[in-house]
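Engineer: Each chain, letter by letter, is given below.
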Amino acid sequence: MKIIMDGKEVAAERGQTIVEVARRNGVYIPTLCHVPALEPAAMCRVCTVELAEGRRSRLVTACNYPLRGDAEIHTDTPMLRQNRKVLIELLASRCPNSEVLKGLAERYGADLNRFPGEEDRQCIMCGLCARVCERVGGNVLALCGRGVEIRVDTSFGRLSPTCIGCASCVQICPVNAIRIEDVDGERRVIVRGKEASRVPLRKCTGCGTHFGPVIDLDPVMERAGESRVPAFNASVCPACSRRHLAKRLAERHFEQHEVERRDAGEEG
Amino acid sequence: MATASSTAPDLAWTKKISSPQELAPYRRALIESMDPDAPRIRVCCGTGCKAVGSLEVLEAMKTAVAAAGADVHVMPEVKRTGCHGFCSRGPLLTLEPQGLFYQRVKPEDAVEIVQKTVVAGEVIQRFLYKPPGAKEAIAKVGDIPFFAKQTKLVLKRVGRIDPFDIRDAIAEGAYEGLAKVLAGMTPQQVIEEIKISRLRGRGGAGFPTGIKWESCAGQPGRHYVICNGDEGDPGAFMDASVMEGDPHAVLEGMAIAAYAMGSDRGFLYVRMEYPLAVQTLAAAIRQAEDLGLMGQNIMGTDFSFRTSISTGAGAFVCGESSALMSSLEGKVGRPRAKYIRSTEKGFRDSPSNLNNVETYANVPGIILRGGQWYTTYGTERSAGTKVFSLTGNVHNVGLVEVPMGTSLREIVFGIGGGIPNKKQLKAVQTGGPSGGCIPIPGKFIDINVGFGKLAEIGSMMGSGGMIVMDENTCMVEVSRYFINFLVEESCGQCTPCREGLTRMREILTRITGGEGREGDIELLEEIGQFTNSFSLCGLGTSAANPVLSTIRYFREEYEAHIRGKKCPAGVCKPLYYYEIDPEKCTGCGVCRKRCPAEAIEGEKKKPHTIHQELCIKCMECYRNCKFDSIRIM
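So the sequences go chain by chain: X and R. So the number in the numbering used here is just where the residue sits in the first sequence, counting from 1, plus 1. So the number in the numbering used here is just where the residue sits in the second sequence, counting from 1, plus 102.
With the rest of the complex left out, here is chain R (with noise of 0.2 Å):
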């Protein structure tokens, strides 16, 4: 019985796979090895979970198994996998064969699990998820929305496999794609396959993948793969997941790239800050080695691929292309000021080959059942599907996968579960620090998520971050915080990102510092249109879009900060002040002993003030009144 663990498994007994029709034949004795009935306890150790404490509950649930092992009639596996999506209700487990989906399981509860659902059956109601307004609780994955509505293609295997074993990944089809490629596709067939399903970039840009390798096939010397996993977007952990979930489609992807574009080195560039991605990434390519299916001679063909890992260092221009390749190098990672493409000359002044986590592990799909088939999802110019990290004020944390061209209005309602404490959904942001912010009542909800779509009303794809945002979310301090996280991050060689964004950071502090001034929206948008227009990179030539897209939805949030004085939404400390309406207030107290500055005096069961001196406007009070007495003013 095979268990599963963080170190890579036993392969001793497995030899190197030496044709492309032999990996058939594995795959049916690995699922043949497998007992069918056999009870699977999946625990999601995914960085959200891990966060929560899953690895504990993994350890638990090991020992709970082993400890109850006489009492079952067939041994239960439990596996670490990446993972499953749903983050806010770390940690997760899901039971088979009944389907079971646990949520915010602790250690200690692990005997109770093992006691009661595997060996007795039962489930247990206090695990099950419980839709935010509903009465019943769901028990199976498959019934609960925020899964149901998801087309998975990319995630098919994260949150299902382990990823540290191989053997898993391959019994649930990994390496098929490439086994089929090897077995008889010229590398003209797979770019044209590729060009058939329309799969476009997944890292922002959207740019034809088809297209890419094909122009990069075409020129002369040695091709590099590489892969960018240096995502860095604020809110964003779609490419991390997949890496640290399924980290043999990523592989198995960048080796279908590197055979149809004649390239024997690929390189992926992860940022160090996903430690478990650099260690899922590194077991996978060590095992597909130990099979043959990565390095010298792949499945005993003549076609050899060797990959490794590089970190970045943790800056976020290294995301950028010309940047992530100098970094590669060994350089500063700075974007370089060349006007040729990095599919002439690239890393090494070679042709190179750049896409996405998500983008290449789009690619092993389409292979297998064909570019037609993968047309069949998303929408005309944007095919397939996208992930989606879905953050900010909604229930259902987590990440999803949808078709393109999916409504707004399903991404924030039917799978995300809506607002949550009753609150108004006020803006979308999208495309991360580069995208911008969409205004939703109203006038956005049922728009179709894909590339065109969101460029046209001034936010992007980007990388797949969607930042939901409540009533409760001030526009001017939004903009403030992404320019803010860029100045930080801009690599500083240009004269419009480096100069034009710190002014802008010094005009939206001095605005939701209470102190803007009559002009200074013009002034942000004179200074946003020359950083866009005149920048050097993606990053600087998207860099203002958080303002001026927040400028055209919300310049009257701006105004009122400006010549009002005041901060609609309540989050600008200095524009704004709390004041309980006499007329709701119950004078039950819960504001009184909450307040940590001893702000809030009254009686019991009459109207309650608040001493303005001593607030320290902490948001507590507004939070916590059931009678939503307390105003923002």
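The shape of chain X in the complex, shown without the other chains (with noise of 0.2 Å):
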């Protein structure tokens, strides 16, 4: 399988996508709803590429195209900065603030200005967060409402009850509009300032302080393939957990010392 990128010859295995392709070699193509652990769905564009298999020269996603055959790949023609410009822009009216943006922007010379929008809705539609939640989390954020009105929200806008809060939407939003907060024993989960969900949090039994959500790990499990559900049921935070391992060991030690040093003392 012979892969030309930008001109040059690539190294490249079948099956690979063109992202993985192209980030093995060091070639640069923009990603917004791309990471590598989670399935690929193409929805931002930004990574569109020209390809040519045989005499067919065509547009095509590089997150998500698995390369087959010989191909050859344009990963920045004019045509294709043009349209990631425009994409840019118009993105920018959704979310004019968002640093990602920014950066891109200044790569392809596009104005974030060029199309006011009416409102911040502090979303750039990558669909990451939901995607996560539906492999790592509970299920809970989904694309939701068809067309304009698309929006990451929870079943029918409620407060999910499946959430096991794990954050994994937090660490993976690339425009920083989801966050959480620990209050009042619970843990509140807020997409763009909307609550979405409340996990109760554990309360440590040594210092009393909550340390970590209350889960149904069962689902999660079932999902990762495993039978049985392994014990997790810590009631002690893992600093009291540390100070009482160490202090387990030390009286082992001590008194392993201890009687060391009394039969020494009765020898002596």
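Worth double-checking, as some hints may not be accurate.
Part of the chain R face toward chain X, derived, beta carbon under 7 Å [unchecked claim]:
| # | residue |
| --- | --- |
| 1 | N586 |
| 2 | V589 |
| 3 | Q595 |
| 4 | C596 |
| 5 | T597 |
| 6 | P598 |
| 7 | E601 |
| 8 | T604 |
| 9 | R605 |
| 10 | F632 |
| 11 | S635 |
| 12 | F636 |
Treat the hints as calculated values from the structure; they're not laboratory data. Since we're looking at a predicted model, the values are computed, not measured. The C-beta atom is built at its ideal place from N, Cα and C for all residues, glycine as well.
Work from the hints to combine the two standalone chains into their complex.
Structural biologist: Structure, rendered in structure tokens:
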């Protein structure tokens, strides 16, 4: 399989996506809705590249196009640059203060204020939070609504009962629109200023601080393919746990030492 | 005597057909049981005629026939049928054996029709169709240009049979193709026959059906055969009419496809807005299963094919193949971004064959008469016929089936009867919201309609919607309308379609509202190019077509809106006003009486004037002036 990327032959394995090949060979392709750990959704379209397989040349998204045979790929033609510029400008009307978009705008010469939006929707609709929630969390966040009204939300816009408070969505959001707040013994997941779920927190039996959400692990383990749920019922926080362990260890060693000393003393 | 009704007929006297050879004698027996001399009254109960009260006409006809029972020699049969096609003239009925065509019939006319026409054999003039401009009314179906100029392959039984009675369909030849296949064709032979016919997908993309079937058949795993009945284009009703008028053609086509691909499970994805189609299909499946023509061990062979109906919840995007399959799986109907054909991994990640209603309806005929026969219709690249729904500013609004390669002139003027109100033809919009507007005068009137030709000039075949537009159509408004439709129907997951369309709508609304700015046309082109090249699915990659094609052919109209602040067609309200030409005005007073805003003033027999500050631009005066004295300024 011979893959030519921007005029240079690059190393690639059959079945790899264009983005994978590009990353491995140090070729830059912009992405907004792609992380390697999740199945690509090809929603943002910014990674669109020109692909020539045989005689046919067409536009494909690099994040999810699997290379199966000889191909020539152009990742940065004037046409692509122009369209990426428009794409960034259009996205900026939803989310003008995003650092990610600012970076891309600089690269492609986009004017972030070309299409002034009515409101800052704080979201570039990459859908990463929804996808990671489906894979890792409790499938709480989803893309709701259709067309222009599409948005990230919980079922029926209500507080979700299935959230496990894992905060994967917070970690993954490229525009930092999701945050968690641990207050009053509860973890609140707040998506664009709106509360999405409340998960009770565990209270440490040692020191009394809250240290992590109470979660129902069964569905998570089921998704991971584990039949037996491992014991996850820590009642003490990591700090206390560390302290307890240190104490136990010390006790054991000190005891040992004491005995040894006592024995030695008796002999002497 | 079998009478047609909306409920399933009693099939208790039938037994299952136990071998493919048994269908022909069964058909003969059915035909013999029908009296050839019996008058047949076919009342169109398609959606269009139903809307103007054909069900009442049907009931009235039945009562009238029953009341006249003693007077007639042979008891006439009143039949409820699918769409006859001539929707603008409904409610319609045809009378056999004379072959009469009655239009705009009302329930209270039933007794008269039965007494005069059926009993006494006399033709009632006022129900006859008179073509625009003609002096003589036409009595017979076959003499009406609208019908005479059509070639009906797909629609051959639509409008003739009662869709709720399978025996009617069998008497007209339904399931013969399937019997032929089961009696001695291998799956390879079936596919070969379809390939010879050069049948291409009728849903819009025009992919060769035979090749699709072959690639699907070659895949391992359980195969699914899916029928796309999610016809959502504004102004298109071809698939609806086929499903409503001849559901058995679709089922038979699907069964043959299933046999060719080794499938035992099929789905009909029908949009919920077609309740009648769902009813007819459900009844058809039940009756065909009762007769052993569908379901387990079809016609006593080892071949089984079960099929069921799924209704879409009204999303246009669900007509896109991957979105349709998502929806069928019970997920949100959004297109999947996967570079893999659904014939490899489609529904439930299994090889799935998705075809349009019309494509399946073409299959039985091809099998029965051979692929070679099919290629005698149409052109080299586009074989066969195509059903178009002809709508808009044309006399004969309705459903027409013509061979591929028929010229637009023939369709619009020959069959469509031309443009009403002495207006000029301006453009024809084909291919639904993803298609384009073809400017007609002088330029493309003689273009042959086929897959390749329409794409060349910036439009597309689409599923067959054809909207005729006269000189009073504003092309900017047309593109705004379609973009607005698409904004509401976009699934919203990919950036170009969601954001690009929203912006285009904003710009177009601005232009039609009289606030267009210099540079808006270029901006539209820029966003349009972007949307068309970067979008995810078929809806997005063609979404800008209405805008781009109208800019391409009607740029001066956009410019008039933006620079001159004028709407030449007189559609965009802020951009025109009406004026009465004092030279032409005879002072007849029609406009003054018609004006709902009382904005027109004038003495009798003297030129009238319009008070612009009162005028609401409802067009009432313009439309009703017999002297052409009202001008759009």
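Engineer: Which earlier hints turn out false for this structure, listed by number in ascending order?
Structural biologist: 1
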